[in-house]
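10 protein chains.
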Amino acid sequence: MMTIPEISQKLFAAKKAKGLSFADLESVLGRDEVWIAALFYRQASASEEEATKLLEALGLSLDLVPELVSSTVKGLGPIVPTDPLVYRFYEIMQVYGMPMKEVIHEKFGDGIMSAIDFTLDIEKVEDPKGDRVLVTMNGKFLPYKKW
Amino acid sequence: MMTIPEISQKLFAAKKAKGLSFADLESVLGRDEVWIAALFYRQASASEEEATKLLEALGLSLDLVPELVSSTVKGLGPIVPTDPLVYRFYEIMQVYGMPMKEVIHEKFGDGIMSAIDFTLDIEKVEDPKGDRVLVTMNGKFLPYKKW
Amino acid sequence: MMTIPEISQKLFAAKKAKGLSFADLESVLGRDEVWIAALFYRQASASEEEATKLLEALGLSLDLVPELVSSTVKGLGPIVPTDPLVYRFYEIMQVYGMPMKEVIHEKFGDGIMSAIDFTLDIEKVEDPKGDRVLVTMNGKFLPYKKW
Amino acid sequence: MMTIPEISQKLFAAKKAKGLSFADLESVLGRDEVWIAALFYRQASASEEEATKLLEALGLSLDLVPELVSSTVKGLGPIVPTDPLVYRFYEIMQVYGMPMKEVIHEKFGDGIMSAIDFTLDIEKVEDPKGDRVLVTMNGKFLPYKKW
Amino acid sequence: MMTIPEISQKLFAAKKAKGLSFADLESVLGRDEVWIAALFYRQASASEEEATKLLEALGLSLDLVPELVSSTVKGLGPIVPTDPLVYRFYEIMQVYGMPMKEVIHEKFGDGIMSAIDFTLDIEKVEDPKGDRVLVTMNGKFLPYKKW
Amino acid sequence: MMTIPEISQKLFAAKKAKGLSFADLESVLGRDEVWIAALFYRQASASEEEATKLLEALGLSLDLVPELVSSTVKGLGPIVPTDPLVYRFYEIMQVYGMPMKEVIHEKFGDGIMSAIDFTLDIEKVEDPKGDRVLVTMNGKFLPYKKW
Amino acid sequence: MMTIPEISQKLFAAKKAKGLSFADLESVLGRDEVWIAALFYRQASASEEEATKLLEALGLSLDLVPELVSSTVKGLGPIVPTDPLVYRFYEIMQVYGMPMKEVIHEKFGDGIMSAIDFTLDIEKVEDPKGDRVLVTMNGKFLPYKKW
Amino acid sequence: MMTIPEISQKLFAAKKAKGLSFADLESVLGRDEVWIAALFYRQASASEEEATKLLEALGLSLDLVPELVSSTVKGLGPIVPTDPLVYRFYEIMQVYGMPMKEVIHEKFGDGIMSAIDFTLDIEKVEDPKGDRVLVTMNGKFLPYKKW
Amino acid sequence: MMTIPEISQKLFAAKKAKGLSFADLESVLGRDEVWIAALFYRQASASEEEATKLLEALGLSLDLVPELVSSTVKGLGPIVPTDPLVYRFYEIMQVYGMPMKEVIHEKFGDGIMSAIDFTLDIEKVEDPKGDRVLVTMNGKFLPYKKW
Amino acid sequence: MMTIPEISQKLFAAKKAKGLSFADLESVLGRDEVWIAALFYRQASASEEEATKLLEALGLSLDLVPELVSSTVKGLGPIVPTDPLVYRFYEIMQVYGMPMKEVIHEKFGDGIMSAIDFTLDIEKVEDPKGDRVLVTMNGKFLPYKKW
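Going line by line, the protein sequences match chains B, X, Y, H, G, D, E, A, R and S.
Under full-length UniProt numbering, the residue at position 70 of the first sequence is numbered 70, and the numbers go up by one with no gaps.
Under full-length UniProt numbering, the residue at position 98 of the second sequence is numbered 98, and the numbers go up by one with no gaps.
Under full-length UniProt numbering, the residue at position 95 of the third sequence is numbered 95, and the numbers go up by one with no gaps.
Under full-length UniProt numbering, the residue at position 3 of the fourth sequence is numbered 3, and the numbers go up by one with no gaps.
Under full-length UniProt numbering, the residue at position 129 of the fifth sequence is numbered 129, and the numbers go up by one with no gaps.
Under full-length UniProt numbering, the residue at position 59 of the sixth sequence is numbered 59, and the numbers go up by one with no gaps.
Under full-length UniProt numbering, the residue at position 78 of the seventh sequence is numbered 78, and the numbers go up by one with no gaps.
Under full-length UniProt numbering, the residue at position 115 of the eighth sequence is numbered 115, and the numbers go up by one with no gaps.
Under full-length UniProt numbering, the residue at position 107 of the ninth sequence is numbered 107, and the numbers go up by one with no gaps.
Under full-length UniProt numbering, the residue at position 78 of the tenth sequence is numbered 78, and the numbers go up by one with no gaps.
One or more of the hints may lead you astray.
As a list, the in silico DSS-like pairs of lysine-lysine whose alpha-carbon atoms are at most 27 angstroms apart [stated by the list, open to error]:
(1) K146/S - K129/X
(2) K107/X - K53/X
(3) K16/H - K107/Y
(4) K16/R - K124/S
(5) K124/Y - K145/G
(6) K16/Y - K53/Y
(7) K129/R - K16/R
Hints are computed from structural coordinates only; laboratory data are not their basis.
Turn these sequences into a full structure, and let the hints guide you.
See the structure below:
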């Protein structure tokens, strides 16, 4: 079971009260909406300036700045997610994880795609047969160091 | 622990013997290299024509056509992957799953990104500070039906 | 262990106090009773209009509208359900999952039955040898996209 | 990980060699195709007569009759299925299990739907917007006995 | 970890305060003491009349009637029980489950013993070498339906 | 997943070939059929004499005596059984485990029912409304020793 | 994660406040210090007399007597303990469990060491190379009953 | 499920063929029978001399010396043992682990009992009311180092 | 999910309020900053003197001394950590655990590195290509005792 | 349970036959012994040149070069290791993981220590009170990228 941190609940409540979308906050902070949503769930850490801007936009007390700036324990969910939207990303890892591994090794050699030096964007692609979700992940390739 | 199907092992061995890359096979089959790697692991199913082309390119017997055409039990790995490259995709789901959920709901309403009506591409972006892996997922948005 | 959301508890308490059945609510909302029960557990999301109708029928404050409209984290239960009624559906998946897979692949090709573009009805079939539960699932077939 | 019994593999190989569908076998055995698929996976047990008919239709030795008639250990899969088609039935149980429980209790009182005195049919409903899978489960309601 | 429902705690507290045993309650309700203990843990549901009798015997408010009458989510414990007394029943299932399966199939054919159309009694058998616990389970045999 | 020991497979094959039931073996060995089934699965250990009688009855080589006499690692199944017949005993433990604990403590004090100094019988009770399975467990009560 | 019962917390707090060791309590109760520590964690049950003596020694209200006398759900910890001291006993079971099984079977035949008719003592053995912990377990051998 | 190493199977087979007990081997090797049983399961490593003596006593080829001398991956069993004899040691850890922790901390301060600088003996104590198993563990106390 | 003890929360809050780093506390206590961080999470135990110094430095009441001095249940996290920083240490164990085992056995013989008689230091190594984390673990080698 | 790849078994057998230590191979390959042990377990990948040198040193066929050069699925062990030596590294992660996280965040900001751009050395430090194992991990700090 997932436990949403208290600070996240405050941020979501204020966002709803102000009627702001993550896209709105994107222009306020100059950060991508996914990163901002990650900050809401405290899966990312803000600078003092970013925290201040966000809290002001949400009409929340600046006393909360330290709660947005600190490093946190990351990873939100159950081991296998039950939520269908999140589960599909688990399924992609289960079904396409090894094929991706093969292609990445072929293109880059032995190593991994960083999930830290990493960005993730989501776009809506309108389509008459049904709109599509476009997820773009961009991570630095890290070759295994030998020693 | 992951068990690689026997047919996958034959395909990989032939590919290595022929010195072919997935990129080479892409031009043979007219399918993306990730999809072809998924076919190798039998996470995807070929048409008879695709199976024939692939087996010919790999110098394998056409008797194997049915083994590439049949539907299979998908999902390869352990519950939590131990391989660092595959794990990073698990980590992305753990850390960014809920933020993605928020942004997708905001953009599209209640529903999910399909992992079936779905494509996945991998590109290498050269970068003097370290090349980058670009993963693009494109899935149809499926709104929850009400009844 | 399952945690029932607070909003669900309020809805169930009001329903019991009003002496309403899900069948009664079906005529109020123009939605199927199973979908309404799913809404009670916040496994489905209402439109503003549906939320208003429901809250009025239950004699609850319209302040709760946003709690019925928002998207939620779905999936209620433990990994393997302990409740005998719910477990039987787990057992059906364990025993008949693969046979269903064979038959669906034979009829439709490689793909899945959507659980999103999906409806589920429950009917009581009276029978002198013991009444029967009739569960009808109707999901769109989604063929695997190739790319 | 799922282990397919050896007898199942023989049955599937013979069925493929004969070019028979489960629908074809339905008319041979006078049993539903899903039940026959369950028999293939040894999740169901045949009578001697059914076993004989099936083996003859498949061109297999009648020495296998006892392997189709005996009771077996049922339940095929991993605890949480990784295969996307089978997983969707797990997801339905996760998302709609409790709502179904509420509706069944309301209609029938405290008890369960039997998964033993139970039938399961699959139909293809053609639809211009995408064909649909219709799954019908019909199980006897079993009220809790008091003592 | 096991969570005891609040209503159970009230019932146990009142029973202790009144100095009543389950055997005493057996004569009040005309139900077996094991069934009554199951009702205490809300693993069984009472009729209004049974609930009233029980609450009166325990000196509790009749406002609690609905909490004893409603259907509940059953199954109390951790996946593998840690309590030694309860564990022994898990051990019996681990050690004797398959032998019982063989004998039941031999006597009855393919099917199961119902745990719903089912009664369970516990008796104390005095014995100079150490008293013995006699557990009698009586469940309807349910043959697998074919279709 | 359950692994059936090789010796068990030999015993079951010989029993089938000889057309013997466990009830038949009961009269040969002077032991209960459930205990004999437990011996088949090597969840119980025979004396040399019992092993000899059994192997003779089954027409198997007496060289197997030591394989029936030795102590073995007991416990056959997966953590949560997937087989419906065996699962029902898991369910009984989940649903009635704590109620049984209460009644046993009330009748005997703090302690457990032994699963070692223990017998288990299965009887078929014919009933026009459906035959019933009668399982009788008889275990020594072991009070907790204080020191 | 381990949940310490409330009564345990009261007992530990009072013991600390009084500056008493388990060894001190041993002389008060005439019970071994390990058993008393087990009582503190409610892994053992006291007689009324023992409970009274203990509460008086700790300066706690005699109203707590029933909380020490009742039978409780035993087993405190996570499935695999994370605490290094407790883990070592798990490790001993992992590494030496099967060797102990062999030796016990050789000395006693098929059966087990009771963990109920059982005592456990801990002594400190001073040693210039480092003091040693001496744990003595004494459990009745229970031979498997045949029937 | 437990996998017994091949070398262990050879050792056990030879021991049975020679009719030797671990107690017999104790006098051959000058090591305790439990340690020897641990060596059989390759949970302990022999010196070349010990390996030679053991293999000679068992009438096995000295080519096996390296297989007894090498360090191995230790820990035999499933996470929670299903075998009743081994399980009781798991139960002791579950029930008495925390009480032992309290008493050890009180006697020694913060630290652990080593399971490496450790011995384990098993004795049979004859008793007219039922023989008893005496297990003596003797491990060095290791205080937590501060730095 | 990880539960941070209340005392830890107090210590971290006070440290933040005072603007102190673990490096600052290192000079106050004469203990390494990692050990102090372990004390904050109550994975280590202080002497009375250390506790007093720490509480004074943090401006907290000396009433908390006993909460820093007592032995605690150690081990903080979920079985597989979800936090990426902590996970990397799990990954190192998964990937390099067995290689380390080989090298340690080769250098020292059969035994382990103690995690109790153990120190752990972290240093920042500045590097123009990206600073590096240097973790130094120093544990006593414990050879397996034979007996 | 851990499965050692076949190639690893060949390498270990040859190393034993040649009487070579990892330290010997260190001078042959010009790589650290831990990295070479990781290569043995196929947790690292060799260049063609390294593979050739290693196979020649071990007297193995150069046909095995591709088996040392290919990228592999990494991560060897069970989820929680049972081997005491490997477990201690799991324990260090459980006990010191969060303290390390605090100190690393304090020294470096939000980010992780790479386990890919990473080296690991093991040294033996002789000590009259018992030799010590010195493990040095050196990983690049990766700050979380913002976007």
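For this structure, which hints from the list above don't hold up? Of the numbered hints given earlier, those the structure breaks are 2, 4 and 7, listed in rising order.
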